[in-house]
Each structure stands twice: as structure tokens, then as C-alpha cells.
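Novice: Grab the two chains, each in its own frame, and use the hints to assemble them into the complex.
The residues making up each chain are set out below.
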Amino acid sequence: MTVQELPGAGASHRSTPPPAWRPRTDAAPLLPDPEPYRVLGTPAADRLDPELMRRCYAELVRGRRYNAQATALTRQGRLAVYPSTVGQEACEIAAAMVLEEQDWLFPSYRDTLAAVARGLDPVEALTLLRGDWHTGYDPRERRIAPLSTPLATQLPHAVGLAHAARLRGDDVVALAMVGDGGTSEGDFHEAMNFAAVWQAPVVFLVQNNGFAISVPLAKQTAAPTLAHKAVGYGMPGRLVDGNDIAAMHEVLSEAVRRARAGGGPTMIEAVTYRIEAHTNADDATRYRGDAEVEAWKAHDPIQLLERELTARGLLDEAGIQAAKDAAEEMAAALRDGMNAEPVLDPMDLFENVYAQQTGRLREQAAMLRAELDAAEQDAAEEEDPS
Amino acid sequence: MTTVAAKPTTTKPATMAQALNRAMRDAMAEDPTVHVMGEDVGALGGVFRITDGLAKEFGEDRCTDTPLAEAGILGAAVGMAMYGLRPVVEMQFDAFAYPAFEQLISHVAKMRNRTRGAMPLPITIRVPYGGGIGGVEHHSDSSEAYYVATPGLTVVTPATVEDAYGLLRASIASDDPVVFLEPKRLYWSKADWSPEAPAAVPGIGEALVRRTGTSATLITYGPSLPVCMEAAEAAREEGWDLEVVDLRSLVPFDEETVVASVRRTGRAVVVHESGGFGGPGAEIAARVTERCFHHLEAPVLRVTGFDIPYPPPMLEKHHLPGVDRILDTVARLQWEN
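Those protein sequences? They're chains H and L, same order as listed. For the first sequence, this note's numbering begins at 13 and goes up steadily by one. For the second sequence, this note's numbering begins at 28 and goes up steadily by one.
Next up, chain L with everything else stripped away, as it sits in the complex (with noise of 0.2 Å):
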């Protein structure tokens, strides 16, 4: 499923914002069926502005405002993929897609199974998530948990330029429904790259090793991406080498990746900004501990944010996952009896 074509020959700064931009500009450009719709996407382009500029390009018919409801997007985006269209719909903060998920969970996950593959639901459903913004209540949740537990949906989240670019075109390209967890702390971060020729990126369900180390694996994805890079760079001091793979996909989950590096290392720490209990990092520790027992030298460790409700914003720091906690747990994994 990968997407692009070669490495640029030019680069310049590009914000994540940018890139995602660009591959829905792209991807309504390479094909009319490729709709995108959502509340204020139309002439504001979004409130984070990811969808700037679709809707004159393109027409309000292909870049849609909707009324406000997240239920009704996401149904009527049905109705569309039934009829061939290829719907991009936008949940404009992750605790406002709550609304929607009767939908997504009794239909779009399920459709493509309850049809026996008669009537696949290509839609991709963007979905803004995660805090460090300073949101309040009711927009920093990350919600990739309620997403990982429902069969049927395909769940990525991008922690780089070129992802974002990537991902996105892999989702709208891909024949089932994709969850696109946005993290929307990384919206303004900036890489060389070039729009004209983005940098071919692997597919949906690759992994990538981000660092390599050989003392211990940072096994993480979106916001807690660039945290764990500084965190492996402070762990360097510690004697640390840490290696960081960037899961990229959540379901599917990339095993093969995650064990070969795991199994190289001998120790693993899952990173994410989501609670600890049920979410994604419990299932990625069970798996390492069936494929790597025998391989490892301490027992794989979560740092993950405290399963509390989302905490006001003059409190998140102290919620997700930083540097220092990260390296405190890497410290705890010199195990001994």
C-alpha cells in the first residue's frame, strides 16, 4: 500500500498541518469520488485549518460543510461510500466523536463483514487527537483504545511530516474504513520536505524503527513519538542506547517489527499518552511477553497517562508522559531478583 513516488530532489519546511493538506488536495485532485466533509471545513478550513482551501479548489460539493452533528457525518458518509464515493470525514476533536460512534461501531466497522464483502465502506474518518495544547476539557482525549477494540476499523496515527502525507493518501486509497488519529500537539511541527515529491513511506501496518539502540525498545506512535526521540537522546547520558519504533499503525499492529526489535534488545517499555488499563500499550506488552519471553531481560513496561478523565490543561503535564518519567521507567528495567 505504499503510496508515492521518489525521495525529493528540493526540500523545504513543511508543517505536519501542511502535509495532511496536501494529500487530501492530492488524493480529491487523482480522484472525483474522493469527497471530504465535516463541520467547518468549508470556507474557515477547519479549525485547525487542515482543510484549508479544499472547498474553493474543489467546490462546496466535494468539500463540504455539514450541519453539526457527528452522527449524521459520519451516517450520511455511509449512505456516500454506498454509493462509490470515498468520504473524508472530519471529527473535529476526538471527545466529539463520541456522538458518532453508534455509527462507527454498528456500521462502518461492520459493514463490509454483515454484506460478506459485498459493500466495503471506504471512509476515512480524521480524527484530531490527544492533549499538550492547552485544550479544555472535552478536547484532548485519546481515544485510540475504543478504536483498536472494534473489528473492522483500521486504525494509523502519522508522528512525522512524511507520515501524514502518506498515511493519509494510504487511508483515503484503502477499500476499508480507516480511524486517522490526528495528534494534534504535532499539527505545527515542521520537517523538510518537499510537497511536489514527498518521500515514498511505508504503508499501512509497517512499523519503522526510528532509532536504533541496543539496551532497550521504545515501542510508541504519534505524540509520544518525539518524546521518546528526546528521551532516548537523554538516555545516552544514563549509558542507555535506546532504539524507537514508531508503530505508525495500530491495527493492524506491525508484531514482526516490534519483536525483531525487541528480541534484538531484550527490553521493551511501551509509550503512549492514553490510560494505561485497556489501552493499546496492555495488548503490545501481552504480545512481547508471548513472542519474547524468552528474550527478555526484565518485564516489559508501560509509561502511559494516568487513567484519570483528561485533566485541565494547567495540569496535563503532569498527565503525560515526559521525558523524565520515561527515563525513570527505562531505569527500572535493570532488573533485579
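This is chain H alone, in the form it adopts within the complex (with noise of 0.2 Å):
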């Protein structure tokens, strides 16, 4: 039976819409592209700021050997883990570059290259992952949120803080990121809603990257594509080519711009794909083919910027030795600055509970105390017997 079918429908009875009833917005102008917005390897490339995408390149050859060094440091038991964005560095780098220093950043827990492409230090931004500290830097110095690792969760925080930056009369924007399997999540849902309802200067992107660990998109969501849900707000939805750094770029900078002017949130879903496993205690060839992984790679980020520049004589051999050159001498101090052991004091524990300690607190700390001075004294008597 269709609709059509259904008893009563058609009737001469059925009454119009209520006089209060029209649509809020209009849906047109929101709705994303029918295709990934490309400008590599398109005529709109021919208007690409030479110098910005000379900028983008090193930090692109940059951001590939951080992940390459993270990874590396996860094997050799340095990193309790490393969620690796090789593949999606095009992402990670222009969503740090659009942004203005009083700007913020709301990463999740794959978003380290984007907080190390803001200006981070690439130590720092691994302290959640080596397992020294939860989040190793100062947020508001910084201006990039703890690491989230409950997906979505930092999305209602975004929306928050760009309210309040706005109702204190301060130029401030705020991009936040998470990928296709947060956009299943309530909190995705919620903070959508709420930075539309109050028109707060949001940027969300959402990186399609293929699998929320093992589940593919086609069972992630119904929808058309991600950035169709954006309509359903009342926000534009943009779908981007995320492996394209100059259409990442440009689509970002025109929601930066947009937030910035009071034109409120946009939500722009990068499609790209993640080349490797979800972190180092998954295995990817569980559930999707080799051939898949070769097709992604042939369309890697880098590689089409390098072609770009260089059939544009942006680029020479002499300008990608340096690029590899920067990157070598970060993943140096990358790897010196990991191999050092953290000092950890155990007392920490019970530091920045509460902002004033409670009786329990400094009971249980007393404790932890008395079995320190007890295990120092049996090394003492252990290494002097007499």
C-alpha cells in the first residue's frame, strides 16, 4: 500500500496547514554539493595562492612523518597507542591553519597531528597516549580542548565556549572535529542543534574516514551523505574531497569567515579514508580488502598536491628535500623527546581533584605516602644491608 493507497488520503476533508505552520528555513541553500568539492586537478585550481600551498605542503610532508613516528613509537612500546590520520593529513593540517591564534580547537582522540599543526608540541600532544599524563599541555593557553576520548563529547563544549566567547563580545571561533562513527552519537546530535539554535560561531567538521573502528559508513548512517544532516538543523552542509588540502582549505576558511561574521555554524564532512588500522590493537584486513586500501592510496593528499605544484612549476626537487628535511628534524626531536623517561610523582594522584582537598583525599594520600618512604627505605636497606 503507498501512501497514495492509504485510507482517508486525497480526502476533500483533509484540512490545509495551520496558519502559524511555515517551514523554518529554506533547505536549498544548506544542502552539500552532490560531489565531493574538489580544486586539485580542476580548473579551479588556477586561482591557488601559491605561497599557502607551498605552506601546505611542508606541514602535509610534516604531518606524515609524525604519523609515521608515532606509529613507530607505539611499536617500540612508547605509546600505549597511536590512532594514526596517515591519509588524512589534509584534514588535520587545514583545520589548524584556518584558524587565528584567539581561535579554538576541540580535537578527539585521532586529532594529535591537528593539535601539532596548531603549534603544539608534539610531546605534549602525546602525553595522553604515552600514558604519562591525561592531557599535557594548558588548554586555554593553547587554545585547543583536552584530547576527547568519549565520541562527540567535545562537540557540546564547542558550541558552549563560542557562545560565551560571543556573548562577551569576543572575536573567537571554534572547529570542532570528530569522525563519521561520532555522528551516530547523541552528543553529535545535540550540539548540532544547539550551535544552530544559538547561531554560535562553530565550524564542525566531520572526517568520513571510511569505519568507526570495523563498521563501514553504510551502516553508520541512512543518510545520503553526512553533510545532509547539517540541513536538518538549519546549518549549510558542505561535502568536501578531504584528501584535496586545497578544497579543505578554502571550505574552511569560508565557514571560519561565515562564523566569524555572525552567520553561525556550518558542518562540513571531509571524505577520506584511513589507510591504516584504527590504532595498533586493530586488525584492518578483518573487515576490508587490500584493493580498496590501494585505490585510497592512489588519491593520497600529498601526492596530489605534489603533482599539482609541480606541473605548475610551484615546486621543485630542491623544495620537497627541504619539506622532508623540516620533517626529519621534528621526528628527531620527536623521538628524543619520547625516549626520555617522564618523571612522575606518584603524589600527583590526589593534585587537581578538587580545588581544595578533601579530609578523604589527604587521608588516602598519607597513605600512598607511608607505602613511598617504606618502599624507598627497604631499596635503602637492600643496597646497605649493614
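Note that these hints are calculated values from the structure, not bench results. Just so we're clear, the structure is a prediction, and the values are computed from it rather than from any experiment. Do not take every clue at face value.
[As the list claims (entries may be wrong)] What follows is a list of derived Cβ distance ranges for each label pair:
{"hint": "1", "chain 1": "L", "residue 1": "H165", "chain 2": "H", "residue 2": "H311", "range": "47 to 53 Å"}
{"hint": "2", "chain 1": "H", "residue 1": "T161", "chain 2": "L", "residue 2": "F333", "range": "52 to 58 Å"}
{"hint": "3", "chain 1": "L", "residue 1": "V163", "chain 2": "H", "residue 2": "P46", "range": "47 to 53 Å"}
{"hint": "4", "chain 1": "L", "residue 1": "V163", "chain 2": "H", "residue 2": "H311", "range": "54 to 60 Å"}
{"hint": "5", "chain 1": "H", "residue 1": "E395", "chain 2": "L", "residue 2": "A227", "range": "44 to 50 Å"}
{"hint": "6", "chain 1": "L", "residue 1": "R359", "chain 2": "H", "residue 2": "I225", "range": "32 to 38 Å"}
{"hint": "7", "chain 1": "H", "residue 1": "Q369", "chain 2": "L", "residue 2": "E260", "range": "36 to 42 Å"}
{"hint": "8", "chain 1": "H", "residue 1": "E113", "chain 2": "L", "residue 2": "F333", "range": "54 to 60 Å"}
We put the beta carbon where it would ideally sit given N, CA and C, even for glycine.
Specialist: Have a look at this one:
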């Protein structure tokens, strides 16, 4: 039975909509492009800013090297876990590059590279994943929120912060990052809705990298694209090739400009691919084939830009080598930093739970202090039995 | 953390609801970073009218009707606090706060700790809680056990008009997130009180002996305080002189006041509405036993709600600890081997 055949359908007594009804907003201008927006390899690339693109190239190469180094550190046991962004570097770099100093970045656990590209020390960025502390930097000083492990829960924070900044009359935009899996969480919905209702200066960047651990997008959503979801909230949705840094930079910049000018939030779906496994604990061969991975490797963000720039004479061998050298320098510093054993004070466990320590915590701190002192004394006696 | 001025010169009857409203008004007037937000807090003044008039007086930017989404409300408050505001969030009813639990537990409670003190979150989360008002399902939960089990949260609950004002001012002024549990069946309880010169009240983390006695200590808080006071009066006929301690603050827990009282009386009963198994009373009884073992004449007993989902309103009187159940339990303190 179709809708038209339902009893009562089309009956002459059907009422007209009540007088107060009207569409809240025209949906058409909010709809995403039918295909992911691209610049590299299209006529639009004629207008590229050579200086900006050379910076993008150097950052991409550095980002790839960062991913490789962090992955190696995981294999060496220096990091408890590292969720790689190999293949997604264009999204991470562009997100960091479009923000002004006063703006805020709200990364998810996978977005250490975006934090590093924003200027965070690579070692500080990795304390969460190394396990020596949860957040190794002052978020206010860096204007980078703590890396959020619970999915999408950082999105309402971005909305609240942007809203607060606007209430105070400050020129601040918040850019919040989330994955395709995160769009299924309730907090994604609530954040998008709050942002649109409040017209908060927020940009939501969804990196659709194909999988939420092992679950493919088709099992995550029935929406035409994730970008279409924006329309339901009353904000523009943009669909972009997430491996095309020129397109990413352009679309993100436009969204940031719009937010800054009081135009409200934008949601951007970057179509990309996670080349490596979810983390070192994941076996990606169980849920995807080599052919798919190889096809995406041929659409590599660094190669896309390198081809465009060399074809246009904007990048030469020396430029490529310089980017590689700078990346090696970063990797060496990261290795050194990570190979230095972190100095931990167990008594820190009781610090910063409350502004004023409770009696309960004072007691427990005293217990640990006594255990530590006893262990120290045992060690001393073992060394010098006299 | 004591908040306020000297004893009032003139007083008149005021309700707890009015005192809470006044606390927010005064805090907002004194500190432009204080923002009230939640569902229906604006034009309606909240379903219990606790935020009545705030939007009119301070504007919708300071007292904001949000979309109906508890995780979004608390999540947005986190971001606002990150930027230096002091959000005061209303969670309409106890059981409506559950969608916000992930924000509460994963972010609100931990932000100071995970950022090593760089990012404290001064958020006050007002939760009308408890039964006895004839509310239907999901409107009468006593959720305090969830909150007190979460490190990083301060949990307070007033039982008097003075405390409603004083504790809410102290909560808003606190640099830590505070779950402020409002006993909704005491919203309309009255006391002689002057909003112009509210009484000085002890701060967060200090319990009060509301009634001195010698035979046993009733340890309670929030909606059960008036019940315990009534039970203490009734117990005089039975020859029991009961002391009543109002905890006022569940975290931090004022162990010293409780322990001192029980050492004086030698007997203790903990009274609260929430279920007994894993409830705050279990923790309090354990602490009292550890610290007062040699002073105790009898085991520490508990009078709590049953370990059941909150019952329908026509049966709630059987569930809620009442005077008789408290007196029966006190009688059991006459311990004989």
C-alpha cells in the first residue's frame, strides 16, 4: 500500500496547514554539493595561492612523518596506543591552518596531528597516548581543548565556548572535529542543534574516513551523506574531498569566515580514508580488502598536491627535499622527547581532584606517602644491608 | 566558604523556592559571569518557578531557555565554563539528568584533574530530587548515590530556607563543579527569613547538629531532615533523646561532626530516601563504624527507601522513610545480645 492508497489519503476534507505553519528556513541553500568539492586537478586550481600551497605541502609532509614516527613509537612500546591519521593529513592540517590565534580547536582522540599543526609541542600532544598524564598542556594557553576520547562529547563544549565568547563580545571561532562514527552519538545531535539555535560561531568538521573501527559508513547511517545532516539543523552542510588540501582549506576558511561574521555554524563532511588500522590493537584485514586500501593510496593527499604544484612549476626537487628535511628534524626531536623517561610523582594522583583537597583524599595521600617511604627504605636497606 | 552577612534584623516567612531564587539573583547581580540555563528557565521561570523573573531582570543571555537536551545543556555549560563563565544549570527533574551523565562523569567531574588544575569548571548543576510530591514515574528519583560515587564532584543538599540560600551562593562561588540537590518536596517549606540580610550559614563540607540529644544520633540530609526532626520529637515519649545531624554536604563529607556526635550518643541511625544498597548511608555507616567502634552500643542502622525503582505516587508513602519507621529502627538500637 502506498501513501496515496492509505485510507483517507486525498480525501476532500483534508485540512490545510494551520496558519502558524511555515518552513523555518529554505533548505535548498543549505544542501551540500552532490559530489565532494575538489580544487586540485580541476580548473579551480588556477587561483591557488602558491605561497599558501607550499606551506600546506611542507605541513603535509611533516604530518605524514609525524604519523610514521608516532606509529613507530607505539611499536617500541613508548606509546600505549596511537590512532593514525595517515591519509587524513589534509583534514588535520587544514583544520589547524584556518584558525586564528584566539580561536579554539576541539580535537577528538585521533586529532593529535591537528593539535601539533596548530603549534602544540609534539611531546605535549602525546602525553595522553603515552600515559604519563591525561592532558599534557594548558588548554587555555594553547586554545586547544583536551583530546576527547568519549565520542562527540567535545562538540557541545565547542558550542558553549563559542557562545560564551560571543556573549563577551570576543572574536573567537571554535572548530570541532569528529569522525563518521561520532555522528551517530547523541552529543553530535545536541551540539549541532544548540549551535544552530544559538547561531554560535562554530565549525564542525566530520572526517568521514570510512570506518568506525570496523563498522563501515553504510552501517553507520542511512543519510545520503553526512553533510546532509546539517540541513536538518538549519545550517549549511558542505561535502569536500578530504584528501584535497586546497579544497579543505578553502571550505574551512569560508566556514570560519562565516562564523566570525556572525553567520552561524557550518558542518563539513570531509570524505577521506584511514589508510592504517584504527589503532595498533586493530586488525583492519578483517573488515576491508587490499584493493580498497590501494585505491585510496592512489588518492594520497601529499601526492595530489605535489602533482599539482610541480606541474605548475610551483614546487621543485629542492622544495620537496626541504620539506622532507624539516619533517626529519621534527621526527628526531619527537623521538628524543619520547625516549626521555617521564618523571612522575605518584603524589600528583591526589592533586587537582578538588580546589581544596577533601579530608578523605588527605588520608589516602598519607597512606600512599607511607607506602612510598617504606618502599624507599626497603630499597636503601637492600643496597646497604649494614 | 561561608557566604554571607550578619543576622537579619527583621524577618518574614519565605519559602525555600524563594530563597533559591534570591540566591541566583544575588549571584547574578554581583558577578556578570554567572549564567543560568536550562529548559523552561526563562519566560516560565522553571517548572517549579525557581528561576522566576531572572530572564526579565538579567536578559535572555544571562538566563537562557535552551533546547530540550540535557547532555547539550551540560555540555554547552562545560564550554562556557572553559571560557570563564559560571554556568548554573537546571536539570528540571532528577531522572531527566540521566542523559547528561556522560558529560557529568567524563568531563565535568574530571576536567580539573585531567588538565592538572589548568581548567577548573565552576558549574553548578541544580537537580530537583526526591519524592513525596505525587509525581509520576521519572519525577521522584533520589540519585545522590551516582553523584557521590563520582570523584571530582561536590554534592550538597539544603534542608532549610537559610541553607537553600547559603549553600547555593557557596556552590555558585565554588571553583569546582557542584551537584546541588534540591529536595523538591521542601520547595514550599517556610521559615522566617530575611532576603535583605540572610543569616550567615556554614559553607560546603560542614554538617550541622540540628537538635542535640543524648540517646542516639539520627544522621540525615535534605528531604529527610524534617522527618527526622519530627521523629526526634515523637521519640521523647518513648524516653529517647535523639540528636539530629544534617549533613548538608555529602561530598565533602563532614566526618568530624558525625563522629563527634556518635561518640557522644553511642548509637546511630542513618536516614535517607534513596535505596539502601550502595546508598550514601552504607558509606556513612561504614565510616562511623570504623571511627566509633569502641563507642558504639549497637550496630549502625539505616532507614532508607526500599531497593526498588521509585514507586507510583499512590504507593510512595510506603516507600519513603517516615516517622514510624525511624522510631521502630531507633527501638532496635536497644541492643541485646
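Novice: Each hint needs a verdict: does it hold in this structure or not?
Specialist: Structure-based check of all given hints:
no.	hint	verdict
1	L:H165 <-> H:H311: 47 to 53 Å	50 Å, holds
2	H:T161 <-> L:F333: 52 to 58 Å	37 Å, violated
3	L:V163 <-> H:P46: 47 to 53 Å	49 Å, holds
4	L:V163 <-> H:H311: 54 to 60 Å	56 Å, holds
5	H:E395 <-> L:A227: 44 to 50 Å	58 Å, violated
6	L:R359 <-> H:I225: 32 to 38 Å	55 Å, violated
7	H:Q369 <-> L:E260: 36 to 42 Å	39 Å, holds
8	H:E113 <-> L:F333: 54 to 60 Å	58 Å, holds
Going through the hint list in order, the structure does not satisfy hints 2, 5 and 6.
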